[in-house]
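A.B. asks: Chains as they are written, first to last, in the working numbering: chain F, 868 to 996; chain Z, -18 to 205.
Check each hint, because a few of them may be wrong.
[Claimed, not checked] Listed below are the simulated DSS-like cross-link pairs for lysine-lysine, each with C-alpha atoms no more than 30 Å apart in a straight line:
(1) Lys940/F / Lys62/Z
(2) Lys98/Z / Lys62/Z
(3) Lys8/Z / Lys940/F
(4) Lys8/Z / Lys62/Z
Think of the hints as simulated: they come from the structure by calculation, not from any bench.
This structure is a prediction, so every number in the text was calculated from the model and none was measured.
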Amino acid sequence: MRTNQRVVAVIVLCAVIAPVNGMAQTGSDADTWRSFVQNVPVGTELDVRLRSGQRFRATVVRATPDTVMVLPKTRVPVPVQPVAYDDIASLERHEQRGMSGGKAAAIGVASGVGGFFGAMLIVFALIGD
Amino acid sequence: MSRLLRVTVGLLVALSLSQAVAAQTQKVSLAPSDDTRWDASGSAGWFARSRASSEPFRSDSWSNAGSFAASLGYRWRSHLKFEAEVATSSTASFYTFETLTTPGRPPTFRSSEHGVKATTATGRVVYQFLDNRWVHPFLTAGVEVARDRDRIETLIPPVAPATPFSPPLMEVETRTTSSARPVFGGGFKFYVAERAFIRTDTRFSFDRDGLANSSWIAGIGFDF
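Whole structure, please, built from the sequences with the hints as guidance.
C.D. replies: Spelled out as structure tokens, the structure:
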């Protein structure tokens, strides 16, 4: 019985400790991100990943001792927001690889418009039968 | 046993607290302050209806028609939306053939021309991926209530003995059937402006015989 108690206790303890360790961010990590942000020019686009798992692309607006102010790149503009260095899991300078976002969007829109008019042609052909 | 229970409860409380702390880690809001909850769209496309297994032999397994739809959506969670849609199709034509047997006489054939027009009302839940982007994939699941109006023109062969001058008789009948069935689909919204989009999606509805209808539509809409 005591063995069972110990097994249960160890399992639950692991469950408690594991995510906390996984989330733990040392002060040196925060210092690293602070140093990184202070060395990139304002206006740089970054790929941001937070400890919460959220990922987004943003433009650096200003760096403060505790936070970096970023402007997320979205369709409908959102306000500039602070991100604490403690909450950052990773930061990467966004590199334009291959096709730009604008081109990709243009292709997407063209495909959509083409699809729409293609559908209309099909409809008119069927109505004409 | 009570000690084990206390330890377990205590550790579970600690686990809950640690997860609550994790949930409090920062998230950056990608939703605009004046976020819209409604959208409306109009679409047109291709509608295909499968052959019912109970029907007599017919010219096609699928009948094709144009489809026109208007939909209104309400987003009640960041990624979840309820959408209501009303759609109608153009008339899909096909023929059916039946063999008529009369004792003591050779079999004759009766052909009917069908013109089916489908009208549907659909309620569905939409899961939209990504936040505040220019392209949003989405998946849908819901229920479609369909009303099919079938106008049947049947050529009745002349009753024997026919003379060379006996024209076949034509009988016209309209049958209306209603049914409710599950519908699933998915597609993309391509935003062309902050709140205006082009959508393309495919839908499949099912009945007890399997796939009942499929449609591919494209349209334009806006958020408000």
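A.B. asks: Indicate, hint by hint, whether the structure satisfies it.
C.D. replies: Hint-by-hint comparison with the structure:
For the hint linking Lys940/F to Lys62/Z, the alpha-carbon distance of about 23 Å falls within 30 Å, and the restraint holds. Distance restraint check for Lys98/Z and Lys62/Z: the Cα-Cα separation of roughly 29 Å lies within the 30 Å cut-off, and the hinted pair is therefore satisfied. For the hint linking Lys8/Z to Lys940/F, the alpha-carbon distance of about 15 Å falls within 30 Å, and the restraint holds. About 22 Å separates the Cα atoms of Lys8/Z and Lys62/Z, which keeps this hinted pair within 30 Å; it holds.
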